[in-house]
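There are 2 protein chains.
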Amino acid sequence: MTQLEYAKKGIITEEMRRVAADEKVTVEFIISKMAAGEIVITKNKNHSKVKPTGIGAGLKTKVNANIGSSQDVCDIKMELEKLELCVKHGADAVMDLSTGGDIREIRKKIVEASPVPIGTVPIYQTMVDIKRDGRGLKEMTGDDLFKTIEEHGEQGVDFITVHCGITKNTVNELLQQGRLLNIVSRGGSMHAAWILNNEKENPLFEQYDRLLDIAYKYDMTLSLGDGMRPGCLSDATDRAQIHELISLGALAKRAYDKNVQVMIEGPGHMPLNQIAMNMQIQKKLCNNAPFYVLGPLVTDIAPGYDHITAAIGGALAAASGADFLCYVTAAEHLKLPGAEEVKEGVIVSRIAAHAADIAKGIPGAIEWDNKMAEARKKLDWDAQIKLAINPERAKKMRESSRPAAEDVCTMCGELCAIKEMNTALQNRVLDNHKKK
Amino acid sequence: MTQLEYAKKGIITEEMRRVAADEKVTVEFIISKMAAGEIVITKNKNHSKVKPTGIGAGLKTKVNANIGSSQDVCDIKMELEKLELCVKHGADAVMDLSTGGDIREIRKKIVEASPVPIGTVPIYQTMVDIKRDGRGLKEMTGDDLFKTIEEHGEQGVDFITVHCGITKNTVNELLQQGRLLNIVSRGGSMHAAWILNNEKENPLFEQYDRLLDIAYKYDMTLSLGDGMRPGCLSDATDRAQIHELISLGALAKRAYDKNVQVMIEGPGHMPLNQIAMNMQIQKKLCNNAPFYVLGPLVTDIAPGYDHITAAIGGALAAASGADFLCYVTAAEHLKLPGAEEVKEGVIVSRIAAHAADIAKGIPGAIEWDNKMAEARKKLDWDAQIKLAINPERAKKMRESSRPAAEDVCTMCGELCAIKEMNTALQNRVLDNHKKK
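Chains as they are written, first to last, in our numbering: chain A, 1 to 436; chain B, 1 to 436.
These are calculated hints, taken from the structure and not from any lab test. Just to be clear, a hint being listed does not mean it is correct.
Since copy identity is lost for identical chains, a pair holds within one copy or between any two.
[As the list claims (entries may be wrong)] Cross-link-like lysine-lysine pairs, in silico, DSS-like; alpha carbons within 27 angstroms at most:
| hint | residue 1 | residue 2 |
| --- | --- | --- |
| 1 | Lys378 | Lys168 |
| 2 | Lys131 | Lys377 |
| 3 | Lys88 | Lys9 |
| 4 | Lys419 | Lys131 |
| 5 | Lys49 | Lys377 |
| 6 | Lys217 | Lys253 |
| 7 | Lys147 | Lys395 |
| 8 | Lys131 | Lys108 |
| 9 | Lys88 | Lys258 |
Could you put together the complete structure from these sequences and hints?
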């Protein structure tokens, strides 16, 4: 049985208890939201050591970090180092998107080493395998895809991105409408190109029940990919994107009915003023299934800073209902991220998620900020550094510029507003005391 | 006459023409919004070389960068270097907040060297002068303050922050209500401490007409400071903050009536879900005067990353009506920023402003993004780098990791989605052609 099936039957599992404890909510809340399809617990039955992680309504916004080799940059040691950095800096999940080197071996090592859920995009491996066989994309078969998916399930992958919504219909919608930047999703473009070349239907759509059977077997959560996600601001919220979202809603319902856990992926590049609306329409069309967004990036003009364009969009998206943020690194649009960019990407994405959690009133979120405010009022620098999301960085920065007086910083020195007010209010208390 | 006075009389000035051209709007739009008090042009009559800069409704969101020495770190060369970096990277205005060394000399050099408007907070200099005289804050007089303000006007400062809204009433509101972090505005804390120590009214409030006369004389824009801005998320949108805002609205009206250009300063630290509402209430209470915000910072727990917490809040604030963003650097809450932090602060704040301009539909904003999208579609890397907000950084990142094929990047290599779709669509066109 899957976690969803247990929830529907009212049976509380150990996984649900652990998620409830982590999230500071009742297990009754967890099971009722799971039974409604609004929370998933990503944990493959074969991934024994993984921490069961709840994603969805009323829970802390989760952060995913993408790692993995590419055809140009392939170093298994570096990928394991990235995994370690992701976990150390608080990523809730990691996707291994390797496309270079011995992909199976890299994934095996990552799944084994990871205490957090691991996601993949099986079509990447399928494509690499086909090319190594000397076949072209056009020759890919449904069997190729399902064979890879089964392998990922067997290996213990906790969630997979599957682009079931790229269909002949959505591709036609795209062609008729036109777009500045067509498709920027890798998996999406592979399926679309396959459909265009073969004039056939997407096997993941046509044989969706076969996919559901595999996912059910391993309790592998399906993450329905948004192959039509906009790749630039001007393509956002167009007919191709929403057409696909409608399909994803219907497919999510079919997964739910077959007791397969499911979440939906979302944009992408998007003007800030369209983000809240996109979160609402996704939740509505997909029966409130958990929403997993990449960005959204609120401008296209900042390569080198896309961890920040994504943090702006991600904070707003999560505050408007998104449950799971896929980080974007500073290297996006330029190169495969290195270890430092991965680390910073996780931290910045966690900042966005936390800001959203405060806005959503998630239990425990604002308490962290209140502790920082108290440390600031007391001019307690050790506490401020300990409470910082990245204490190493805060400490290094402060130490690089020491003030003459230990209780302030070199920005304001003795003109510190907090110190000024602490003194003024203390004097007032003393004055009032004397008057009495 | 001030620019506001000309606008009210329907006289188009050279400054208005230049602003209209820069903003790609008609001069009629500028003059009508100026006459309504919804746009200011910051340009002191004595600052001849400065570019007249429009701030307000319907215009590009502007970015201010704070520079200046502190008591712990004072290096005039470094401050001029910071100014140069600010201008190079697109800051629309710079505030010199120097509190260390020869403040007059630093300001003189900065005003002379700057092509963008310069702002100051005169009470900082007043405080430093008083301490050098051997007096305490309590001994400060109204004359001390007005003497400094006159000096700044004479020197060519284009806008000044004045904390006229810190009054006996607002301070009482603060004391009665209580706060986690009292006052974090430096100028605000000085005025509040002075009021508490002397049990007298704020001279800037009591002798407000004297302030207006000086501002009028130089056409120096008043930026009504928000001394009660929240210093942590839990203090946001409380009675003290809104009480002060009500006063600022009334004071803005008095300035407008006396033909003094005026804008309003705003928070601060603030949960994401309170930002839009704060922009609306400011615009309503202050007759749509331009709104100048510091941040808002959407979480307190990220010292070392406050350029990012501010970019998240700033983008949302500007999209919701704020006209002018004061940057925050990564050094905030830790130390006086150095040159690199200043530079990055400007760039990140410009990203936030630009994202907001797209959302607001500011003329010309989305075109930049569309050009980037076109360059990406063509896999034209030179164009992508040229169009990047920081071409140096984009170039360096790409060059640090070269792909085997020149037209892609090391993230996806030959699995590039854009390339895949370009090929698939080209094949389709060829197929269709053959069929015909």
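Results for each hint:
1. Lys378 x Lys168: between (63 angstroms within a copy, 25 angstroms between copies)
2. Lys131 x Lys377: For Lys131 and Lys377, the Cα distance is within 27 angstroms only across copies (24 angstroms; inside one copy 61 angstroms).
3. Lys88 x Lys9: Classified as neither; 36 angstroms inside a copy, 64 angstroms across copies.
4. Lys419 x Lys131: between (66 angstroms within a copy, 16 angstroms between copies)
5. Lys49 x Lys377: So Lys49 and Lys377 fail the 27 angstroms test inside a copy (42 angstroms) and across (43 angstroms) alike.
6. Lys217 x Lys253: Classified as within; 18 angstroms inside a copy, 69 angstroms across copies.
7. Lys147 x Lys395: Intra 50 angstroms, inter 41 angstroms, cutoff 27 angstroms: neither.
8. Lys131 x Lys108: within (21 angstroms within a copy, 67 angstroms between copies)
9. Lys88 x Lys258: neither (36 angstroms within a copy, 59 angstroms between copies)
The structure is inconsistent with the numbered hints 3, 5, 7, 9, although it conforms to all the rest.
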